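Engineer: So the chains spell out like this:
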Amino acid sequence: MADPQVLVEAIDLQKRFRTFHAVKGVSFHCYGGEVFGLLGPNGAGKTTTIRMLTTILRPTGGTARIAGHDVVQAPAQVRRVIGVLPENAGVYGRLTARDAIRYAGRLYGVAPDVLEARIVEIAEALELTPHLDRLTDTFSKGMKQKVNVARALIHNPPVVFLDEPTSGLDVISARSVRDFVLRFKQEGRCVIMSTHIMEEAEKLCDRVMIIAGGRVVAEGGLAELKAKTGLGLEEIFMQLVEQTVQ
Amino acid sequence: MIRAALSWATRRWNGAAAGEDRGETWRWIRAIYGKETLEAIRDRRTLLVMILLPALFMPLATLGLPYLEQRQQHLIQTVTPKVAIMGESEGLIHLAYTTRLITPVRAKDPVAALRARTVLAVLRIPPKFEAIVARDGQAHVGVLYDASDSESTAARTRVVELISRYSQQIVALRLAARHLNPRDLLPVVLDERNVATQRQLSGLLLASLLPFFIAMWAVVGGMSVAVDLAAGEKERGTLESLLVTPPSREAIVLGKFLSVVTASMGAVIGVIIAMMVSLRWGYPYLLHTVKQLDVSLPLGTAVLVMGVALLFSALVSAVQLALSIYARSPREAQQFITPLYFVTVFPVLAVQYVSEWQRSGWAYLAPVLNAFFAIRELLLGTVNWGHLLLATVSSAFYAALALEIAIILMSRESVVFRT
Numbered sequence: 001m002a003d004p005q006v007l008v009e010a011i012d013l014q015k016r017f018r019t020f021h022a023v024k025g026v027s028f029h030c031y032g033g034e035v036f037g038l039l040g041p042n043g044a045g046k047t048t049t050i051r052m053l054t055t056i057l058r059p060t061g062g063t064a065r066i067a068g069h070d071v072v073q074a075p076a077q078v079r080r081v082i083g084v085l086p087e088n089a090g091v092y093g094r095l096t097a098r099d100a101i102r103y104a105g106r107l108y109g110v111a112p113d114v115l116e117a118r119i120v121e122i123a124e125a126l127e128l129t130p131h132l133d134r135l136t137d138t139f140s141k142g143m144k145q146k147v148n149v150a151r152a153l154i155h156n157p158p159v160v161f162l163d164e165p166t167s168g169l170d171v172i173s174a175r176s177v178r179d180f181v182l183r184f185k186q187e188g189r190c191v192i193m194s195t196h197i198m199e200e201a202e203k204l205c206d207r208v209m210i211i212a213g214g215r216v217v218a219e220g221g222l223a224e225l226k227a228k229t230g231l232g233l234e235e236i237f238m239q240l241v242e243q244t245v246q
Numbered sequence: 247m248i249r250a251a252l253s254w255a256t257r258r259w260n261g262a263a264a265g266e267d268r269g270e271t272w273r274w275i276r277a278i279y280g281k282e283t284l285e286a287i288r289d290r291r292t293l294l295v296m297i298l299l300p301a302l303f304m305p306l307a308t309l310g311l312p313y314l315e316q317r318q319q320h321l322i323q324t325v326t327p328k329v330a331i332m333g334e335s336e337g338l339i340h341l342a343y344t345t346r347l348i349t350p351v352r353a354k355d356p357v358a359a360l361r362a363r364t365v366l367a368v369l370r371i372p373p374k375f376e377a378i379v380a381r382d383g384q385a386h387v388g389v390l391y392d393a394s395d396s397e398s399t400a401a402r403t404r405v406v407e408l409i410s411r412y413s414q415q416i417v418a419l420r421l422a423a424r425h426l427n428p429r430d431l432l433p434v435v436l437d438e439r440n441v442a443t444q445r446q447l448s449g450l451l452l453a454s455l456l457p458f459f460i461a462m463w464a465v466v467g468g469m470s471v472a473v474d475l476a477a478g479e480k481e482r483g484t485l486e487s488l489l490v491t492p493p494s495r496e497a498i499v500l501g502k503f504l505s506v507v508t509a510s511m512g513a514v515i516g517v518i519i520a521m522m523v524s525l526r527w528g529y530p531y532l533l534h535t536v537k538q539l540d541v542s543l544p545l546g547t548a549v550l551v552m553g554v555a556l557l558f559s560a561l562v563s564a565v566q567l568a569l570s571i572y573a574r575s576p577r578e579a580q581q582f583i584t585p586l587y588f589v590t591v592f593p594v595l596a597v598q599y600v601s602e603w604q605r606s607g608w609a610y611l612a613p614v615l616n617a618f619f620a621i622r623e624l625l626l627g628t629v630n631w632g633h634l635l636l637a638t639v640s641s642a643f644y645a646a647l648a649l650e651i652a653i654i655l656m657s658r659e660s661v662v663f664r665t
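For the record, the sequence lines run as chains A and B.
If you read the first sequence in this note's numbering, its first letter stands for residue 1, the second for the next number, and so on.
If you read the second sequence in this note's numbering, its first letter stands for residue 247, the second for the next number, and so on.
Chain B on its own, in the form it takes in the complex (with noise of 0.2 Å):
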């Protein structure tokens, strides 16, 4: 595969410098690329979706949805739930007062209650509950809840937790009065200790979510300037007189190309600091949970992620130009682009789901999942290098196979006056 892109990449150059020198193909690649970028730079969507977007995106998507998932917890955990309690035992009621696990209330119809969220669970005490406690007894108490309620699920939980804290009580009431100690019924204890470092633990929280923001912001960042320099250049009437102009249809594909790519990673390297900014400083600061993690990008993994994302970023970029030359206008292009979007953010979403696919050879060659499986060893630190060398390869070769796509549909009529 390596010689056929380089086979490719030397008929492509001698082919495009056919009758032209190749600086003088250069200065056009330059020209092109100096003034679509210009164009872009002038475009509000551009900047938009470039800066504007990823500065405010990514904070609310790292630290909104996180924050309010904690303030919700937070609430569940530190307000006592309404608990009906149907039947009689003292013992323990007066359990559940002093735990404060929940708060026991008494209601004419508690399943009415409950559906009503007047209660958020209930407690069914059998009849005779203490005389088989104190018989030594087995007694079945019942908790109602309602599954599609977040509040009364965890109601439940402290339902359960003050059941099993009742019975641990009664177990060691028991075990005394037979003059044994409860320590014998636990003759082995687990200390756990977690080895991860804040490095890989700090990889494993990026590695969840970088990935997928590098993929939807490639797709996202490149897709309004793909559109406006080909089919919106046919819109307005700008492409043909391109095209009588001197440049061939190489450079000038290449140095659009060229101005995509800028967009498409402008916008990754802004969501990417957005994302660091976010995780650094305001994780500790909102999120008591993660205060300990100290969320880093060590420079050799970030320029690595750079460099695959920008692989990534060249073969969206040429798939959407191609798309866009093809198109008839700029809504055309839209709507070939968009569906896009979906190709590489879904399995960019898989890839953290089929980690035994990381460890075959195959998963490197495959366009899209190749650069995220790398992205994601690079994040984890767990990089092989043969499966880096793999991506890049195989992700630079289908960038310059779309690209070709893209030169092959500039140079034909059928496509240049398909209106």
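Next comes chain A alone, as it looks inside the complex (with noise of 0.2 Å):
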């Protein structure tokens, strides 16, 4: 049984696609209140990584659990507890933004009249309320991805996976999901984030883990890998990984 602060917790987790082995053996686990940064350069395996912790992969080999729910043996708990936002997630584009998050709200199974506050709760929060009657199509990429933000908190996940979260969004909008996720730590949350953006991983991450063909090459606090290195973590994800193609 995992430790009860730890939320999610993934032993020597592996998965290869017929001979392609995309993770060779990752572990890490991750706290409430804190932000987990995944790091690594395309096609490193950080979001085979988190769909594997997600249960949309099933892992070749090891294990991993998210709030005690092993995500082999019983995937359909572990989705009710976590909160997703995948990489470059799409709207329903004919439906308002009430609608979708009402959609994923009884796919989570909130009652409806827990519901409907919930939505004008999100909605205040993440600045929705004047558009969540408007079509998502008609949205900026911004808009678009805080409404899918807003899909993965309905119901109010103790669990966060935050895939690529700010990518193609402009500096405002960008901004704006860089401040949910220190919000999510602040409520408690467990927080997993992959980016490949150094600067927002400083500025959100309590500890990253850097990967790169599928393997671990670094893991731990940000303080303690600077002391360490006496490197930025630019500096230090740049020499890693330029180690591991070596």
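Hints may contain errors.
Said to hold, decoys possible - Examples of chain B residues lying across from chain A (beta carbon under 7 Å, computed):
1. K281
2. Q319
3. R482
4. V490
5. P492
6. P493
7. G528
8. I654
9. S657
10. R658
11. E659
Unchecked claim - Just the calculated beta-carbon pair ranges, DEER-fashion:
12. B/F663 / A/D170: 26 to 34 Å
13. B/L635 / A/E124: 56 to 64 Å
14. B/G632 / A/V120: 30 to 38 Å
15. A/D137 / B/H320: 48 to 56 Å
Quick caveat, the hints were computed from the structure, so don't treat them as lab data.
Keep in mind that this is a model prediction, so the values were computed, not measured.
We treat Cβ as the ideally placed atom computed from N, Cα and C, and that holds for glycine.
With the hints as a guide, dock the two chains, each given alone in a separate frame, to form the complex.
Structural biologist: As structure tokens, this is what we get:
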């Protein structure tokens, strides 16, 4: 049984697609009230790792637990306690923002009376209220991302996965999403976030894990990593990735 | 087969409900169905296919083409065609003028005139025609016409009619000269009477038209919805957001499947209504030939036809959904689904030409054919309950099988992330 404070625990997680070994034994844990960054170049295995933890992909080796539920043995229970913002997530263009968030709430089994109040609350927090009854097709990319954040949080999950949450967003929208990540942390959620923007990781993450070629090349607190190497995060990242490639 | 289907349903139901209560599964299915249907209704393509196209297309197909055909027939019957006469026969030409079957004309080069369509046929009368006839001999006349031209073919019919009447006149004269009664040549006269009821005639008309349109619209009606809610979700990047929510793959596929069936059946109902309106009120108004026909579909028959059509629609929808789940993109899904249209519509067209199969049980077990043989029997009023039961059970089995394949595909990582 996982430590009660540990909300996400991955042990030697592996994923092989036929001949391609995408993730070669990733282990880490993440606590409530913590933002954990998954860093790595494109194709490093970040998204595959997140997909295994969110039960979309079945690990071919190792194990993982989310809030005490095994991702292979109890995927349905895992899906109830997580909120996920996948990479390049789209929106249902012919639904209004309210319809889209309500739909997610129904799928998560939020009671109807609680659901409407929760929609209002989340919309308020995300500054979506004036746009709730507009079709999401008419939204900017940043607004669409806010709708997806609202959908991921409608059931108030203790664990949140964000896969490249600011990818493709303008400066203002990206900042708004970052503010939200900090807010999740303050609310005591466990946030696992993949990014390739080092500046973002430095601002938001308590601990990071650098993955390259499907392997963990470094893991620890930012201060700890910097003190150990005497380098900034970007330099550490570049050195480690280059070493792995060589 | 029934036992296998029931066993599958029990296994599927118990499997789907493992670790989740059935009430919750239904709530998920309802939520997904509601959302997909709302999106489909807000999509103009769905409304176009479900309402606008049947409303416009059905009157055109059921009334427009027969009306144009009737109009052409009317023109052919009322306009007296110009026929070039080669040779002489005062009696024959006189008969042509009095009967107004043809308008005899003279042409320098009758064959060239026929090719130039200044005349529609050429009547070649042999030399000494009148003398041969007067001597009680047999004369050979010829008709030249252009078989590739319907008006020329009609002119030929007029010439044949003219020659026949002229022949009859001569026969009457010859018999009179021998003091014989023309009735002696016709000792037996046939009186015909059609005993088919209005219901049967109406059934025959419906059986020749309705199955084709049901098949066509069952496929077309659900096509855009099926493409949109699986391959479309992949392309928009919304599928992953759905798969990380609690509903099982079974609940997701069932919710989407019901939405495709709704669109498909919506189009089928639309087309049946449009067709019945066209046939019942448009036919007698526009087509003089069927003025006496009272086209109707009794409620009981309509309910059974809808029931069988629903099972067919379920099969088509499940196949469309499975293909859409498998496809990388909406474009690829469209490419996969388009042949399905031909695969279903051609057998349905063939059903009316292989009526001998209707008597054998296997025809009610073959996918697609089963539903349309049963619908044909229902419309013709010759329903065999055993056949109907076979068709119903086998159609339900095939639909369930296709749905099972869709669920398996949705559960496979290699399919979901096949981009």
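Engineer: Could you run down the list of hints and mark each one as holding or not?
Structural biologist: Right, here's what the structure says about each hint:
With its C-beta approaching chain A no nearer than about 5 Å, B/K281 sits inside the 7 Å limit, and its interface hint holds. A least Cβ separation of about 49 Å between B/Q319 and chain A goes past the 7 Å threshold, and the interface hint is therefore violated. With a cut of 7 Å, the hint placing B/R482 at the interface with chain A holds, because the nearest CB-to-CB distance is about 4 Å. Taking 7 Å as the C-beta contact cut-off toward chain A, the hint placing B/V490 at the interface holds, the least distance being around 4 Å.
Using the Cβ-Cβ criterion of 7 Å, the hint placing B/P492 at the interface with chain A is satisfied: the shortest such distance is roughly 5 Å. A cut of 7 Å between beta carbons decides the hint on B/P493: the least distance to chain A is about 6 Å, and the hint holds. This hint is violated: B/G528 has a C-beta 35 Å from the nearest C-beta of chain A, more than the 7 Å allowed. Restraint check, B/I654 versus chain A: the minimum CB separation of about 15 Å is more than 7 Å; hint violated.
For the restraint placing B/S657 at the interface with chain A, the shortest Cβ-Cβ distance is roughly 10 Å, beyond the 7 Å limit, so the hint is violated. Taken as an interface hint, B/R658 does not check out: its beta carbon lies about 10 Å from the nearest beta carbon of chain A, beyond 7 Å. Hint on B/E659 holds. Least Cβ distance to chain A is approximately 6 Å, under the 7 Å limit. For the hinted restraint 26 to 34 Å between B/F663 and A/D170, the CB-CB distance of approximately 29 Å keeps it satisfied.
Taken as a hint, the range 56 to 64 Å holds for the pair B/L635 and A/E124, whose Cβ atoms sit roughly 59 Å apart. Range check, B/G632 to A/V120: about 59 Å between beta-carbon atoms, so the 30 to 38 Å window is missed. Separated by about 53 Å at the C-beta atoms, A/D137 and B/H320 satisfy the suggested range of 48 to 56 Å.
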